[in-house]
Structure formats: C-alpha cells, structure tokens
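Model the full structure from these sequences, guided by the hints.
For the record, the sequence lines run as chains U and B.
Following the working numbering, the numbering of the first sequence begins with 1 at its first residue and continues without gaps.
Following the working numbering, the numbering of the second sequence begins with 1 at its first residue and continues without gaps.
Note that these hints are calculated values from the structure, not bench results.
Remember, it's a predicted structure, so these values are computed and weren't measured experimentally.
There's no promise every hint is true.
[To be verified] Some but not every residue of chain U turned toward chain B, in silico, with C-beta under 10 Å: (1) 6; (2) 7; (3) 11; (4) 76; (5) 110; (6) 171; (7) 177; (8) 179; (9) 373; (10) 376; (11) 416; (12) 426.
[Claimed, not checked] Some residues of chain U that are not near chain B, with every Cβ distance over 12 Å (derived): (13) 46; (14) 74; (15) 192.
Cβ coordinates follow ideal geometry from the N, Cα and C atoms, glycine included.
There are 2 protein chains.
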Amino acid sequence: MSDETTKYLLGEDQIPTHWINLMPDLPGEPLPPLSPATKEPAAPEELLAIFPPGLLEQEMTPEPEVEIPEEVRNAYRLWRPTPLYRARRLEKELDTPAHIYYKYEGVSPSGSHKPNTAVPQAYENAKAGIKKLSTETGAGQWGSSLAFACGLFGLECEVFMVGGSYDQKPYRRSMMETWGAEVHRSPSQVTQAGRDNAQHDSGSLGIAISEAVEVAAQDPDTNYALGSVLGHVLLHQTVIGQETILQMEMAGEEPDVIVGCVGGGSNFGGLTIPWLRRNLRDGAKTRYLATEPAACPTLTKGVYAYDHGDIAGMTPIMPMYTLGHKFVPPSMHAGGLRYHGDSPLVSALVHEGLVEARAYNQNECFRNGTTFARTEGIIPAPEPTHAISGAIEEALAAKEAGEERVILFGLCGHGHFDLAAYDAFLAGTLEDPEFSQQDMDAAVSNLPEGVPSL
Amino acid sequence: MSDETTKYLLGEDQIPTHWINLMPDLPGEPLPPLSPATKEPAAPEELLAIFPPGLLEQEMTPEPEVEIPEEVRNAYRLWRPTPLYRARRLEKELDTPAHIYYKYEGVSPSGSHKPNTAVPQAYENAKAGIKKLSTETGAGQWGSSLAFACGLFGLECEVFMVGGSYDQKPYRRSMMETWGAEVHRSPSQVTQAGRDNAQHDSGSLGIAISEAVEVAAQDPDTNYALGSVLGHVLLHQTVIGQETILQMEMAGEEPDVIVGCVGGGSNFGGLTIPWLRRNLRDGAKTRYLATEPAACPTLTKGVYAYDHGDIAGMTPIMPMYTLGHKFVPPSMHAGGLRYHGDSPLVSALVHEGLVEARAYNQNECFRNGTTFARTEGIIPAPEPTHAISGAIEEALAAKEAGEERVILFGLCGHGHFDLAAYDAFLAGTLEDPEFSQQDMDAAVSNLPEGVPSL
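Written out as structure tokens, the structure is:
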C-alpha cells in the first residue's frame, strides 16, 4: 500500500522578493576574473560587449541581496513556488532512519531549474534593447529554457547544442524550435570556433560556448547568455534555496546534509547559497555535498587554477577547479555536467572546505535514478541522478550509524527527454565512460600563462 | 515585455474529498450495458471477472457522491491540486476580449490527467488481492499512468500499446518500463485478438483493448484496467472539475463555455461533470464544447447505437456514439483520441443536446498548439490541442461579437513525448489523415444485432 505523501507547498506570495549574493558573507576579497587579452582583472566594459548592464551590475554587486524585478517575479509565477517533498517511499525502500527531502524544479515549462535564470537574463537583455540572444546548451535544458524565456520577452534565440546531446536528445531540439529558437549542432560550420574544432565531433560545452560567444561578439544587437558558472546566474538560482528554507521550516526539520549535482554549479549554488549564508552567520554545522560524474570529475580530480571557460579562450579567465579548457569530456548522458570547469564560487567553497565533493559512475547513477522513479514516481534527468546517488549514500550511512539524519537534495529536472538512456540502462547496455587522466594532464598543461597561481 | 501571469493555486486541503456521480441528476433511467454473450443487461458478476468489487460498486452506484479513499487522496497529493491559469498572453496574441482560463493536468508524474483514475484503480485492485493489471494504451498517457500507479501499490503491470503510437513515441514505452511495466506492441503475437488482427499493423485502441481483456480473462490474479469510457473512470476524473469550480471562484468569474477534448471521454467528463451538475441544479446556461479529431469524428459523424467497446466484441455492449467497433481510425498523433466509440455518459449528454461537439484537423490543431506554446510557455500534447483549437475558435467568436466571454478549457497533458509531431508540423510535412466515410459505413454495418435501437 502507498505510504503517506508529504509535500510542502508555498503560496505565490512566498516566491522570494530578492536574490541572495553570498560574496559579502565570505571572508577575504574574491579573486577577480581576468581579461583573456591582457591577463589583468577584466574591466566591466569588456563584459558589456556581450552582457547587458543590468546583468553586469548583478555580476559585480557588493550588496548581499538584489531585488527581483517585478516582471521577473511575475514570470516566475508560471511555475514557482516549486514543491518540496519528503521521499518517504524511498526511505522505506532503503530501510533507513534518515529523513530524505527533495526540492523539485522539474515543474517549470522546460523541465528544470534553468528558467530561474533564463527569465531574468532575457528580461535584462530585452530591457537593454537587445534583439537576440545566443547561447550554448549541453543536455538541452539550458537552451530550451532560454528559448522559452526569449519567447516571453520577444527576443530571438540562437542555440549551439553540443553534438553528442544533439544526437541523443532530438526532442530537446524540437522543443527549442517549437518555442521559436534556431538550433545548430556544435561543432557547427557557422563559426570559426566550430570549424576549428570539427574533429571533436561529439562536441563539448567548451566548444559550444566559443561558438555562441563568437556569434554575439559579431553583432551589436546580439548578446550572449550563459546558463551557469557566472555570479549572476548563481544569484538568480537562489530562489531555490530560499524556498527550501521556508519549506524545511514547514517540515519542522533542519538538514544535516544538503546534496546537489554540479556541472557549472548553478543548480548547486542556487540550492545551497541561502543555507550557506545562514550557516556562516549562525555557525550551524550543516554539511554540503557536491556530486559530479566520474567521467568529468572537475571538483574531485581537477586542479584549482585560473583557466578559460571555453575551448577557444574567448571568455574571461576565472579561478576555478578545472580539467583544462582544452579537455573534451567523454560523451555521457548527463550532458549538463559535461563541463571542464566550474563556477568560481562553488570552486572556492570546495577549496575552502565548506563543501565536500564526490563523483559517481553513470550506471550507478541510473540504477539510483530508476530506484527513485519506482519509489517516488518522478523520473529524474541524468544530472540529478548524481544528487540522488549522493543522497542515497548519505541515507545508507545514516542507517549504518543508526542515526536519524536529515538529508535535503535538489531534484533539478525531469528525465522526459532522457529515456533513451534509461532504455540502455534497463537493457544493460549503458556504458560507463572513462575519464582520461592522460587527456586531462595534457589539457592542464595548456592552462593560460602569465596569470596568478592559486 | 511579459504580461501578468495569473495562476490560481489551491491548498492540499482543497483536494476534493468526494468524486461526483452525475447519473442521479440526469432525467430518466440510464441505458444499461449489455452482456456480449446474452445481449441482456450485463450482470455485475460478469464484470467481476475483470474488475474488483470496489470499482464495480463505483461503476453502479446510485449515490451522487462517492468518498475518495484516504490512500488515494494521499497519492493524489503527489501532484494535486493542479494549477488553473488565465491565458493572458494567448488572449493578447488573439487580440480578443474573451478571458481564457485553462486547467493544467500535465504536472502529474506521467504528464496527464490519467493518474487521477490510475491511482484509485490500482488501489482497489491491490485491496482486492489482485497481483497484476493488464491494459491498453494509445498515446501512452494511460499506460504510463497505470505503470506509475501500479508501482505505488506493488502491482505488476502489462500494457498493450497501439502500434502506431508505439513507433511514434518510443519514450512513452521507456517510461513505462522505467516504472517496471511490461509493454507489447499491439497487435501483438501474445494474444488471439492480436494474432487475428495482425493485418492492422498500426493497431487501434479497439484491438489493444481486446488483447488486454483477453490476458485478464485468462488469469484470476490479473485484472483489466480501462483508462476511459466507463462510469467509474469519469467519476475519478471529477477531481479536475471540482478544483476548477474553486479556482474560477478565486478568479471571480463564471465560464460561458467549457471546452475539452474527447477520446473516450474521461478528460472531458472529469472537467465538465461537476459544472454540469451545478448547472442542472441552478439552471445556468453554460455551454459545453467537446472537441475531437476530424480523422476520428465519433461525436460529430458517428451513429448513436449500442456497440462493443473493442474490435473482438469481448467487452459489454454500450450505448454510445460510434464509428463501429470494427472501424480502425487512421494513424494520427493524438493517439489518445483514436477510438471508435465514446463514453456512454458523454454520448448521452451530446445526444440530449447538453454538450456540443466539433472536429478539428491535425494541422490546424498543431498550429494552435504551437501558438499556445509560444505564448503560454507550455507545450501541449496533441490531444489537448483540440481543446485549444475549440477555445481559440470561441475566443475569436467573442472578438467578432465584441463580447467579453469567459472560456475555460482543459489542458490535459504536456507534449514532451510528442515532439516528433511538432517537428513534422514545423517542417510542413505533417499529414492530415483522412476519415473514411466508406470504412465507417462498413464498420457500422457490423453493429451487434439483437440489441435495442436508440
């Protein structure tokens, strides 16, 4: 018989009114991004070539909170607040004394947390008179979210989709086109960066970013939009964590550990930043666990260094954990986690020991994702199966210890466009792509020169 | 710039506590289903071979309301209450004075309204000690919903999926398998009904029903489950309409017309029955519009007669609009509307003039579905694009008349598994399958003999 469903719903008036900026609460000065041209701290003017003033202001703000524009909050109401569930059926399946909670962002129109930042990015660009946004997308979650958001604010949208994902998830492309976007398979023939990297046929986020930045740099009416990594993106995603604070209060529990998957870091940052700030202020000993694919182990095997965000070296040089901007991760289903680098903020938190990191294999993740689907009813995207794997590992550790620990994780999207991967898993033909230490070592030997070492 | 989002949310305590049975409010005695063997009114014992007592009781109840079991309400809380939106961006696009509202059922784990009945069906069967449910599915919405619900209550699930949809929507199959169900392409080789109809390679709901009923009839531990048509299915779906009554009260408006798409009638019935009952009691002049595909125009071109629900003539003979149980509708993307017959209740409402019916072409529906996606942000399944088409036609009529009419329609599911169809539409290669009056005339000449004429 079915166990009790426990869902925590907020009213629309509880959609956050502000985004949270963690920087003022962190000790020391943040390491600045560097100009790829001069290797000196990047001047705001350089970034204005591809970002509108509103976003740049959010990127650089010293304020601990940034007010969410009314137009953005209004669009958020299409799907926010999102539900928080207690995973009672999963707990029972694991026979664990742990209490497992998950925040579900898959109720958005594009099915993930990405519209939380796509909407304010489209809004600020439209406000600045920009006509078109160009971007890259891995699994397609970000590209489809931006296509959706551009539709709301009357902008055109051009998307470079990583080749491997383009082939695996044709319906993500259809979704973007249904919303009116133009989609290219990356590496494409329409940019220099694409033509230069044609040999990497399955593509990578690093290549697709170079293509999208190139398109934006050539047209004054076109701006670039990035779905993760940068400060303003993490800022926008803090609506997730803020809602979970209210919802865990409704549940009357305090998390012992908060788990999220990390690609560029926006999902993880969005979930954890509001909690981290609270902990930094009240001294509570919450643990934070960042989970990633064993095939692209940026946080667990990367080096902490200044590196480019893209393969062509066009983006600012940022301090982060990196496998080297020339590293092309092996093809895998969690396309959203297939990035050589990571958000400077999440990297710093890991470097400072405030966040732990752990890597999981693809088959392990799909096994846990299937267990989750069969118990909780929601089929997760491949990306959050890494968070599920972390949460399950924590729940089994609690069982081992005989402790009633409280676990909160981020279920950042559904897997409706990833069922070919579940097919392969169920048929026993899913591969565990291997991480190449050698390739990474070669890529890391190409880190930019003349930059501060960390 | 984005227009105001208007969403009406209910609290969990507003999930209905009862289902609504319209029968006691309708004049006259209902026409009984007939036994396929004797052509006499079917005895409850005959139905007990495939349905559990709890569902049979709900099927036959004379009570105007049936209490929802606590275990079912509890599972409903996984996704209910569902949101009601005002389609302000669509209104603006159409430049209409009409106010358009839509109830969105796509937030359920399987993405449509179908779990509203899958859950109570799985519950009643589990309670009766049944081990497995067999069923048919067209577009896969019902099969995936039943697979999900069986998972919640520990039942096995075997699904016969209509061949055309099986080929068009492979990920619906993957979804069912991820939830643990066994899926056959219908017509299959595992049943007599399947082998007998192997020549209809793209299958039909009528064939798939025969297959699933055959499997259930042969094993005492297996029951059959039907996703539409029958009284208890429409009963379960009345949670939709009840919630919309509360939500339209929040909006402070009363619908002038309520629009839903009709395949077997459960979505339409679920949305309209609570409103119809209110109107029958208070005499209000709300209009009801049932929309269907021009390629399978049961309500607009069918005959009102006693007919079988399946091609093999194994189900009870029911009074309904039918194209003949031997009619195999042409292949189309709205697989959930590809059924030769219709719910006896919805048929009677159309026959009595309480409900209007209108048919739309496939391309017209996808054009309207794309307009909806680009304005409202949700990509609709092909089935509700028929409701969208009806709503848009009504909104344009209101514009023509210069009247501020209030339109409510049911958006019964998302189109995440239907993007190949959107692809074809956007590429201009989507077909408009033709209805064959000749085939229907031939099928209708095979209506069962020795039954009352209507």
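Verification of the hints:
no. : hint : in the structure
1   : 6    : 8 Å, holds
2   : 7    : 6 Å, holds
3   : 11   : 7 Å, holds
4   : 76   : 8 Å, holds
5   : 110  : 8 Å, holds
6   : 171  : 4 Å, holds
7   : 177  : 6 Å, holds
8   : 179  : 6 Å, holds
9   : 373  : 5 Å, holds
10  : 376  : 8 Å, holds
11  : 416  : 4 Å, holds
12  : 426  : 6 Å, holds
13  : 46   : 29 Å, holds
14  : 74   : 5 Å, violated
15  : 192  : 29 Å, holds
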